[in-house]
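Read off the chains here:
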Amino acid sequence: MVPIEQRIYARWLDIGTRVGLAMLVVGFAVYVFGVLDPHVPPQELARLWTLPVDHYVAATGAPTGWDWLRHLGKGDYLNFLGISVFASMSIVCYARIVPTLILQHDRLQLVLAASQLLVLLAAASGLFF
Amino acid sequence: MEWWLWPIALFAITFAMGIVAVLAGVGGGVLFVPLVGAFFPFHLDFVRATGLLIAMTSALSAAPSLLASGLASLRLAMPLALVGSVTSIAGALVGLALPTGAVQVALGCTILGIALLMWRGGRSAHPQVPRPDTLGVALRLHGVYHDPALGREVSWQVHRTPASLFVFGGIGLLAGMFGLGAGWANVPALNLLMGAPLKLSVGTSGVLLSVVDTSAAWVYIHRGAVFPMLVVPSLIGVTLGAKLGARLLRVSPALLVRRVVLAVLVIAGGRALLKGFGI
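Protein chains in written order, with the working numbering: chain A, 1 to 129; chain B, 130 to 408.
The hints are simulated quantities; they were obtained by calculation from the structure and are not laboratory data. Hints are supplied without guarantee of correctness; some may be wrong.
[Unchecked claim] If you want the ones that stay clear, here's a sample from chain A, every Cβ over 12 Å from chain B, calculated:
| hint | residue |
| --- | --- |
| 1 | Pro-99 |
| 2 | Ile-102 |
| 3 | Leu-103 |
| 4 | Ala-122 |
[Said to hold, decoys possible] What the simulated footprint calls covered on chain A by chain B, stretch by stretch (three residues with Cβ under 8 Å from a Cβ of chain B suffice, anywhere in the stretch; the number is not a length):
| hint | region |
| --- | --- |
| 5 | 2-9 |
| 6 | 18-30 |
| 7 | 37-51 |
| 8 | 60-66 |
| 9 | 82-91 |
| 10 | 108-120 |
[Said to hold, decoys possible] Here are some chain B residues pointing at chain A (derived, C-beta under 7 Å):
| hint | residue |
| --- | --- |
| 11 | His-172 |
| 12 | Pro-193 |
| 13 | Met-207 |
| 14 | Ser-214 |
| 15 | Ile-218 |
| 16 | Leu-268 |
| 17 | Trp-347 |
| 18 | His-351 |
| 19 | Ala-354 |
| 20 | Pro-357 |
| 21 | Val-361 |
| 22 | Ala-392 |
Where is the CB? At the ideal position from N, CA and C, for every residue including glycine.
Input sequences plus hints: build the corresponding full structure.
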């Protein structure tokens, strides 16, 4: 009754969200317990979080785009791993069902899935940054 | 106020928000942005980004079981999510480009509009769809799911697909611009406009939201509008609150909770308007 591509999508999403949640919890624990030094100390953060994002980035040198990858040794940016897992799950799941739709010769759904994948990849790549 | 009190306060309010959101049948994102934007010191850019991430992660976490059980339809979500994704990216870009005051005013108007929609809006468990439209048929937007409450299979089909694509385009724009999530609009649009059964509409709305909000969330992430001190306590608070809310659902006075949410939305929307006008 439940289409095969939907079952596959659900299975992959389930695994991804569990991984993402675990990474988020561990990352935040590392951050708040000070295991790794943060890029922006909390006291400093509290002074700056009232600013618009562009001013905040200018004041803190906070990374934009994918530059946070270079700050993974910092407690605050370690959390971006978990966040980005969540934000990537739809991409992974759409990519996973594309071959299934090809095998099913379901052209319209395939076009929709492939187009969605492109839009998500474009957003994730930082094209609209 | 000491900095560490803010994440604790955030956790407390998002925990309560998670409970109330489930009891009132709205997403946590729709309460988070107006309340935190109105009563916490964080700039609206960060609040909107966090609102999107909350809506996205909640929807992603709920989607697997809904999809696996057939109470959500990926096939129904796909064309609507595609349109919504494109417009949500546009919404995020517009929201970040506009002056804060203008966004506050627009947010206030939108929140008050949502309150009106919730107050006036009806729902239909099994709407009549006499004849599916051509596009809906071509996209095979029909199916059967098992309703455990009814103990039987429910078949469904939809109509007004072309008009719905426009509506979901508009919903995506608002979601991206204000970080509100979009369950408040997705469910009535799927249920009342397209004629999908209410349970399927609620389930499919979550899947839709997970894709649409993901697209806009990347714009905010790349712009640097995400910091964990705001995001993680809020996410954990909403998630735990929603779990408790689901347990309280059977014994809660639903009408009273809904009225409280409406009152909160009116107050928060009014506050956003006043902030927007510098009052």
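Hints, one by one, checked against the model:
1. Every CB of chain B is more than 12 Å from the CB of Pro-99(A) (nearest about 15 Å), matching its label as outside the interface.
2. Interface exclusion of Ile-102(A) from chain B stands, the closest Cβ pair being 15 Å apart, more than 12 Å.
3. Every CB of chain B is more than 12 Å from the CB of Leu-103(A) (nearest about 16 Å), matching its label as outside the interface.
4. Listed as a non-interface residue, Ala-122(A) fails to keep its Cβ farther than 12 Å from every Cβ of chain B; the least gap is roughly 8 Å.
5. A stretch counts as covered by a chain when three or more of its residues have a beta carbon under 8 Å from one of that chain; for the region 2-9 of chain A and chain B the count is 6, and the coverage holds.
6. Evaluation of the coverage hint for the region 18-30 of chain A: fulfilled, as 6 residues show C-beta separations to chain B shorter than 8 Å, against a requirement of three.
7. Beta-carbon proximity to chain B at under 8 Å applies to 8 residues in the region 37-51 of chain A; the threshold of 3 is reached and the given coverage holds.
8. For a cut-off of 8 Å, the count of residues in the region 60-66 of chain A with a CB near a CB of chain B stands at 5, and the three-residue condition holds.
9. Counting residues of the region 82-91 of chain A whose C-beta sits closer than 8 Å to any C-beta of chain B gives 7, which meets the bar of three, so the coverage hint holds.
10. Interface restraint, the region 108-120 of chain A with chain B: holds (8 residues with C-beta to C-beta distance below 8 Å; minimum three).
11. The beta carbon of His-172(B) comes within 6 Å of a beta carbon in chain A, closer than 7 Å, and the hint placing it at the interface holds.
12. The beta carbon of Pro-193(B) comes within 4 Å of a beta carbon in chain A, closer than 7 Å, and the hint placing it at the interface holds.
13. Contact between Met-207(B) and chain A, as hinted, is supported at the beta carbon level, the nearest pair being about 5 Å apart and thus within 7 Å.
14. At a threshold of 7 Å, the smallest CB-CB gap from Ser-214(B) to chain A is about 5 Å, leaving the interface hint in force.
15. Contact between Ile-218(B) and chain A, as hinted, is supported at the beta carbon level, the nearest pair being about 5 Å apart and thus within 7 Å.
16. Interface restraint check for Leu-268(B): the shortest CB-CB distance to chain A comes to about 6 Å, inside 7 Å, so the restraint holds.
17. For Trp-347(B), the interface hint holds, the least distance from its beta-carbon to any beta-carbon of chain A being 4 Å, beneath 7 Å.
18. Proximity of His-351(B) to chain A holds as hinted, the smallest CB-CB distance being about 4 Å (cut-off 7 Å).
19. Among the interface hints, the one on Ala-354(B) holds; its C-beta lies about 4 Å from the nearest C-beta in chain A, closer than the 7 Å criterion.
20. A least Cβ separation of about 4 Å between Pro-357(B) and chain A falls short of the 7 Å threshold, and the interface hint therefore holds.
21. Proximity of Val-361(B) to chain A holds as hinted, the smallest CB-CB distance being about 4 Å (cut-off 7 Å).
22. With a cut of 7 Å, the hint placing Ala-392(B) at the interface with chain A is violated, because the nearest CB-to-CB distance is about 28 Å.
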